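Peer 1: With chain F fixed as given, assemble chain H onto it according to the hints.
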Amino acid sequence: MDKLWLIIKREYLNKVRNKTFIIMTFVSPMIFVGVALLVGFLTSLNNDTTRKIAILDDTSIYAPLFEDSERTDYIIIENNNLQAAIDASKAADYYGLIHISRQNNQLDEVTLYSDDSPSLGFINEIEDKISKKATEDQLVARGINLETIKDSKITTDLKLQSYTGVQTSKANGWIKMAFGGGAGYLLMMFIIIYGNMVMRSVIEEKTNRIIEIIISSVKPIYLMIGKITGTSLAGITQFVIWVILGGILFTVASTFLGPEAVQSPGNDMAMSQLENMDKMQLIINDIMQLPLLKLVICFFIYFIGGYFLYAAIYTAIGAAVDNETDTQQFMLPVILPLILSIYVGFFSVMDNPHGTVAVIFSYIPLTSPIVMLMRIPFGDIAYWEIGLSMLLLYVSIFGVAWFAAKIYRVGILMYGKKTNWKELYKWLKY
Amino acid sequence: MVRDIFKLASFRYNMKNTLEARHIVKRYGDFTALNDVNIAVPKGSVYGLLGPNGAGKTSLIRIINQITMPDGGEILLNGEPLEPKHISQIGYMPEERGLYKSMKVGEQCIYLAMLKGLSKSEAKAKLEYWFDRLGMQGWWNKKLQELSKGMAQKVQFIVTVMHEPDLLIFDEPFSGFDPVNANLIKDEILQLRDQGATIIFSTHRMESVEEMCDHIALINKSNVVLSGKLNEVKQQFRNREYAVSLITKDNAQTLQAIPDFYKAEDIELSGLDNTLDFKIRLPEDITIAQSLSDLTSLGELTHFSEIIPSVNDIFIKTVKQDG
Numbered sequence: 001m002d003k004l005w006l007i008i009k010r011e012y013l014n015k016v017r018n019k020t021f022i023i024m025t026f027v028s029p030m031i032f033v034g035v036a037l038l039v040g041f042l043t044s045l046n047n048d049t050t051r052k053i054a055i056l057d058d059t060s061i062y063a064p065l066f067e068d069s070e071r072t073d074y075i076i077i078e079n080n081n082l083q084a085a086i087d088a089s090k091a092a093d094y095y096g097l098i099h100i101s102r103q104n105n106q107l108d109e110v111t112l113y114s115d116d117s118p119s120l121g122f123i124n125e126i127e128d129k130i131s132k133k134a135t136e137d138q139l140v141a142r143g144i145n146l147e148t149i150k151d152s153k154i155t156t157d158l159k160l161q162s163y164t165g166v167q168t169s170k171a172n173g174w175i176k177m178a179f180g181g182g183a184g185y186l187l188m189m190f191i192i193i194y195g196n197m198v199m200r201s202v203i204e205e206k207t208n209r210i211i212e213i214i215i216s217s218v219k220p221i222y223l224m225i226g227k228i229t230g231t232s233l234a235g236i237t238q239f240v241i242w243v244i245l246g247g248i249l250f251t252v253a254s255t256f257l258g259p260e261a262v263q264s265p266g267n268d269m270a271m272s273q274l275e276n277m278d279k280m281q282l283i284i285n286d287i288m289q290l291p292l293l294k295l296v297i298c299f300f301i302y303f304i305g306g307y308f309l310y311a312a313i314y315t316a317i318g319a320a321v322d323n324e325t326d327t328q329q330f331m332l333p334v335i336l337p338l339i340l341s342i343y344v345g346f347f348s349v350m351d352n353p354h355g356t357v358a359v360i361f362s363y364i365p366l367t368s369p370i371v372m373l374m375r376i377p378f379g380d381i382a383y384w385e386i387g388l389s390m391l392l393l394y395v396s397i398f399g400v401a402w403f404a405a406k407i408y409r410v411g412i413l414m415y416g417k418k419t420n421w422k423e424l425y426k427w428l429k430y
Numbered sequence: 001m002v003r004d005i006f007k008l009a010s011f012r013y014n015m016k017n018t019l020e021a022r023h024i025v026k027r028y029g030d031f032t033a034l035n036d037v038n039i040a041v042p043k044g045s046v047y048g049l050l051g052p053n054g055a056g057k058t059s060l061i062r063i064i065n066q067i068t069m070p071d072g073g074e075i076l077l078n079g080e081p082l083e084p085k086h087i088s089q090i091g092y093m094p095e096e097r098g099l100y101k102s103m104k105v106g107e108q109c110i111y112l113a114m115l116k117g118l119s120k121s122e123a124k125a126k127l128e129y130w131f132d133r134l135g136m137q138g139w140w141n142k143k144l145q146e147l148s149k150g151m152a153q154k155v156q157f158i159v160t161v162m163h164e165p166d167l168l169i170f171d172e173p174f175s176g177f178d179p180v181n182a183n184l185i186k187d188e189i190l191q192l193r194d195q196g197a198t199i200i201f202s203t204h205r206m207e208s209v210e211e212m213c214d215h216i217a218l219i220n221k222s223n224v225v226l227s228g229k230l231n232e233v234k235q236q237f238r239n240r241e242y243a244v245s246l247i248t249k250d251n252a253q254t255l256q257a258i259p260d261f262y263k264a265e266d267i268e269l270s271g272l273d274n275t276l277d278f279k280i281r282l283p284e285d286i287t288i289a290q291s292l293s294d295l296t297s298l299g300e301l302t303h304f305s306e307i308i309p310s311v312n313d314i315f316i317k318t319v320k321q322d323g
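Chains as they are written, first to last, in this note's numbering: chain F, 1 to 430; chain H, 1 to 323.
Calculated from the structure, these hints are not laboratory results.
Among the clues, some could well be false.
Said to hold, decoys possible - Taking lysine-lysine and the BS3-like style, the derived pairs with C-alpha atoms no more than 25 Å apart in a straight line are:
#, chain 1, residue 1, chain 2, residue 2
1, H, K124, F, K3
2, H, K263, H, K234
3, F, K9, H, K126
4, F, K19, H, K186
5, F, K19, H, K142
6, F, K9, H, K143
7, F, K3, H, K234
8, F, K9, H, K101
9, H, K234, F, K9
10, H, K85, F, K219
11, H, K142, F, K9
12, F, K3, H, K263
13, F, K19, H, K234
Bear in mind the structure is a predicted one, so any value in this text is a computation, not a measurement.
Chain F on its own, in the form it takes in the complex:
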């Protein structure tokens, strides 16, 4: 036990003191925040430029509707010749020209001449303005009082509520997706980055030939467990530093640039549904309504289970090869279930957290950590379901680790042999 502790300590310190680790740990969040700031800055830059748009209104009715806004200036052209107007706005380097044509004293066609592709929002804006005015004019012409229409207008706002009476906001789906998806994605990244790290360290010991000295002192299984544990602790250290650093940097950045600059597009859409503070309150309520404690506890249990399961496989692969380039043929079966779980999570789980596909994948040990984590925020997952999924995961860790240890034990002492699946199967019987 003392020796296992020694190995864990060495592996941990070795990883943490590594220059790449230090650089990765401290530079990555800066890059992340830097990119976020850059995007925010560029977006605000984009919004700063005012567009100039010329309007040629044959009817003279609609042009006054276009009032200058923060981002757009409208120039009304008093000229009956379309071609001349086009030439003029082109010469003046306007964003575009809106031409409202007339036939029989009535609105005929509205055309936007522009070399750019205007956004859908902008097109809708123009269409809405003109349609509204035209409709109102028609209504007035038919002797209907506009005030009457305005007074009789009723808007409905669909309120979302669960059977038990818990109110939720319309952004609820987004929040759940952010929490579930974020946790699942984080888990996948951690497994891939640290699994690779374990694998590289096994290959290093093998090519260094120090392995014989170590395993003449301790059993290979201790070295394997020590290596996986030490590396996982290094990973946890990195994430904790990231969370702290990221939090600090994000806070600082938000204070300087205002909340808009660092908002992600996903949030934007959710936010656009907010009209008042009541809804903001609902969102906070939503987050509080999420099984947060359950999610955090499950995250750690699945995190450790998933990582150990995959790390065992990575260790076996590292032991089976002589150098990193030989690992390619074994990588696909490792990466595939991870990618599959992310896809299942984002499509099946988001669609129906209790659907057959989602349920099955949340029990299969290779995919359960990610898929179950994504299911938890979405629906009331019974404790027995989570328990069963965890049980399957942890039992399979022992199974996989047992196989991995067999391959590891033989592999670390094999040199110069190109390993394939058949060879690995033979090692299991040694």
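Peer 2: Same frame as chain F, now just chain H:
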């Protein structure tokens, strides 16, 4: 009944042996790496483990180090069946040397010593002694990748011996050392033996076997084909061959006059004084005195000595015979 006899036999352990390997069998799939291998390494000896590449030496060494388990047989260390607790009593320097390249020398040695069961302060004291002894002061904080190959070998040597094991196993210990350092290490090994350690020594370098070993075992094709005290093995391989030098008047005539049963071979003419050098082999019924008188009758006998087979000869001869 048979088993009881066997048990009794295994209790009749010779206290003079540090290590005994009994009926060791090791298979890798269909390949048998060790086939009923028996060796006994006496306490305080330097035991040479010889054999061509792929004979099974490394397999045996790995079993002694508990790196792999045998499929059959048992290993006794100081009379006790080998167990994990014996790890601290064995020091092993593998043929393919290896240390963590990016780890500092001192830290690395302490780590490896602690894995062998030393406490941190013990390890530090031992290391200071050895660093001092081998002129390695100032290496403590260097990373291994900054050292030359010879320097790294010294670190490797210290890692092997610093926990003062009863049994030291060296696989090709001199490869990578320049002659000065090879001599230094050789003296250190012999000193460790004088202090009571037993040494197993696996090598292809026959001259170092000749120089250092007092016992040998020759493994060929998974079997021990030859083992025992070096002197006795040599005795066994003596076949009454003698080197002779004669000064004669007429060489051709003299050669013809040598009786056929001597099987004169490797005839050479050397020097200005017509010295004839050759090798003879004495048949069983001819005494040395008889052959001396035979030879002096042919000319002036200036040299007559027994040819003692070298380990190299024994090695080549045995391996060839074994097919």
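Peer 1: Next pair to validate is K3/F with K234/H; report whether the Cα-Cα distance is within 25 Å.
Peer 2: Status violated; Cα separation ~46 Å.
Peer 1: Checking one constraint from the list: CA of K19/F to CA of K234/H, max 25 Å. Satisfied?
Peer 2: The given pair, whose Cα atoms are some 58 Å apart, is violated under the 25 Å limit.
Peer 1: Do the alpha carbons of K3/F and K263/H lie within 25 Å of each other, as the hint requires?
Peer 2: Not satisfied, since the Cα-Cα distance of roughly 65 Å exceeds 25 Å.
Peer 1: Does K126/H sit within 25 Å of K9/F, going by the straight-line distance between their CA atoms?
Peer 2: 22 Å, holds
Peer 1: Is K234/H within 25 Å of K9/F, Cα to Cα?
Peer 2: Violated, at about 52 Å.
Peer 1: Between K263/H and K234/H, is the straight-line Cα distance small enough, at 25 Å or below?
Peer 2: 22 Å, holds
Peer 1: Taking 25 Å as the top limit, are the C-alpha atoms of K19/F and K186/H close enough?
Peer 2: This hinted pair is violated, its Cα atoms lying about 39 Å apart.
Peer 1: Would you mind confirming whether the straight-line C-alpha gap from K19/F to K142/H stays at or under 25 Å?
Peer 2: It holds: about 17 Å lies between the C-alpha atoms, which stays within 25 Å.
Peer 1: CA of K142/H to CA of K9/F, is that 25 Å or under?
Peer 2: 20 Å, holds
Peer 1: Take the C-alpha atoms of K9/F and K101/H, compute the straight-line distance between them, and say whether it is at most 25 Å.
Peer 2: 18 Å, holds
Peer 1: Is K9/F within 25 Å of K143/H, Cα to Cα?
Peer 2: 19 Å, holds
Peer 1: Within a Cα-Cα threshold of 25 Å, do K85/H and K219/F meet the stated pairing?
Peer 2: 12 Å, holds
Of the numbered hints listed earlier, those contradicted by the structure are 4, 7, 9, 12, 13.
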